[in-house]
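Protein chains in written order, with my numbering: chain R, 1 to 370; chain Y, 1 to 397.
Calculated directly from the structure, the hints in this document are not laboratory data.
Any given hint could be a false lead.
As the list claims (entries may be wrong) - Simulated restraints, written as ranges between beta carbons of each label pair:
1. R:I166 x Y:K166: 22 to 30 angstroms
2. Y:K25 x R:L229: 33 to 41 angstroms
3. R:R182 x Y:T86: 45 to 53 angstroms
4. Y:K114 x R:I166: 30 to 38 angstroms
5. R:R265 x Y:S369: 40 to 48 angstroms
6. Y:I280 x R:L229: 27 to 35 angstroms
We put the CB at the ideal spot given by N, CA and C, even for glycine.
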Amino acid sequence: MENVKISSFQLFTLIYIFILGTTVIFPVGADAKQAAWISIFFGLLSGLPLLLMYYYLNKQYTNLLLTEYCIKILGKYIGTMIGILYILFFLYGAARDVRDVMELTPLFLYGTPSWAIAFMLILPILYGLYLGIEVIGRTSEIFFPYIVLTVILVVVFVIFSDLVKIENLRPITEPGWETVLRTTRKEAWMAPFGEMICFTMIFAYLKKPKLILKVGVAGVVSSGLVLVLIHILIFSVLGSEARNTSIAPLLRMVQKINIGDIIQRLDAFFMIWLIVNVYFKVTVFMYAAVIGGATIFKVSKSYLVIPSGLIVFITSIFIAGSYTAHYAQSDFVLKNVYPIFAVYIPLLLCVVTFVRNKIKKRKPRSAENF
Amino acid sequence: MKKKWKILMFYIVVLCLLTGCWSRKELNEIAIVTALGIDKSEDGYIISVQIINPGEIAGKTSTGRTEVVRFTANAGTVFEALRELTTDVPRKLYLAHLREVVIGEPLAKEGIGKVLDFLSRDHELRTDFYLTVAKGSPASEILNVQTALEKIPANKLFSALENSEKNWARTKTVKLDELIDSIVSNGKEPVITGIYVYGDHEAGGDFTNVQNVSPNIGLRINQLAVFKKDKLIGWLNEDASKGFNYITDNIKSTVVNVPCQNGKVSIETVRSKTSVEGKIENGKPKIHITINSEGNIGEVQCEIDLSNQESLHKLEEEYQNNIKDKVEEAILNVQEEYHSDIFGFGEVFHRSDPKAWKRYEQNWDEEFSNLEFTVQVEGKIRRLGTITESFQNETRE
């Protein structure tokens, strides 16, 4: 683990940007039709217990990262193995997000091979990783106002272009609560809220460890609500059909912005915004992988930056043959693999620590009785 | 040594920026398409494109060539036909500035769904163009007309559509997303504005056409085409078209003629707001339409004392009746003739009572044809213009 600290605000901005990430672009929860935003909202609600769990673990081992306390809790062999699995998971998550961008940019840069885009995205990320979490935190702090401003602008522009049709949202609960909840579990819960597991590798850097829960909840709730708001906006502008069949509904909505024939065709502008979001998301994922590797193998982080960059780069290209394959894989992974890492293993760690703490507490007492 | 490294790194970084030029298209290498016409052929589609001749539009001196050029190609799919055009057009077609898509009537009758897929799938196309149906002539002929005033015919159509919707209210601008939305929806059917060529059809492509003060040929938009799913099934007449716009709350301004003693009064509607409510009464769906309309006196062609409140009230009553008639006529006309819910009444039920809608959804067309409705119009006349009483009253005496 690096010997640096980040401020609460920096952590907040990282979480905020991380949650918006790629989820804001894609038609998340398309199964729930016009109620997809409710699915996302439930995803936000069910993401909070996860955050609580991660906080609990961190509280027990204030200065340690997930991979480190894994070993402490489960023993050297099992702990190391799980740590390595986590590193692979983080790398995979990073590759998936890079791939998301690769699927998007051809809509604008037609003809540019997507590996070139991935390469251009990963290079500055590697530089950020090389410089460490302190620099990453400061960078996100700098970008944060622009990201918030852009969200405000898109809302204002869409409203002033007279695009919002509230009736597109109705009937709100037509797909039925069951579908909404199923969609939450399948899609909206794990990405992005389950992916918060990455921050178990970052929480330990916070200057004031007491504030982790506060900052975490503030970050998740505020950006989760922004996420819900943007999806509501997309639905009310595009309608359920166009939103759910489009590859990038957000961009489709932005294309429609037209205020007095002056402010229009802003899609390229918003593409930049998306790339900045994704930059931080991939950076957090890769940082978690790199720092995890550094703690497990006891080497300097700098040695791992380029190899992991290569792994992510190559994985992102070969992860799937087409958009359809990528989408199908995401479906499968979000449903079956992500919960293992985001829910089950942390839960196991929590239970083991909890039980152990109980036993520890009981021992002296039983000794007294004896 | 270290400095050399730095310089090398700098060049590598700069080199990376060149990826932005990967698939660049310079302005002089592309042909900007402003209008796209799609017709049916025996085994596929006839595509016609209207391409800007940039030298004529932007150049200071005109060489006497036309401002736009039309090309056509025939192929199995729209996409293929557009590519086939490269055998004819010297540059690569660029579709991002498309303003107008014209669909031939025979094709519209057969179904436009297949064509729309390309329009919404292709990455180059934006969704800010308007769709129209060519009435009585193939779409390729519509694109073959050189228009006066506007150098680019597609622009003429674009602004004519916008202006007539705003001020005349018998047409409607339709964009791609809206169209697809209403094709897909069970409780709403699409309409598209029609467009036709008037005058001497032969003269259309002739450049000398626009050298006349009164051109021999022109393009005119009017009437709404009624669709069922993606198939054209008929045309609304002008009054019904206006009624349609009243029901769908798409009136910005329009002119209403009401009779008065041996003459007419034209009222300019300046504000109109419609709300449609659906209710299930005695197990039957029922629609209630409320229209609030405000107008000013635009023209008086009869003897009427406008300073008298009584006569103004009478005029308001006529005004309300006129609107009500148009609305009722539109609904009855569509119910009897087309059985296609272009007003989106089904959507109204869908939103207000989703459970009941489930029952009606399957045979909504039938339900719609027998749908009961009530229309309530609240019409107000606010201003009289710059004069109060017409001087015609004086001339009569």
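Hints and how they fare:
no., hint, verdict
1, R:I166 x Y:K166: 22 to 30 angstroms, "23 angstroms, holds"
2, Y:K25 x R:L229: 33 to 41 angstroms, "37 angstroms, holds"
3, R:R182 x Y:T86: 45 to 53 angstroms, "48 angstroms, holds"
4, Y:K114 x R:I166: 30 to 38 angstroms, "32 angstroms, holds"
5, R:R265 x Y:S369: 40 to 48 angstroms, "43 angstroms, holds"
6, Y:I280 x R:L229: 27 to 35 angstroms, "34 angstroms, holds"
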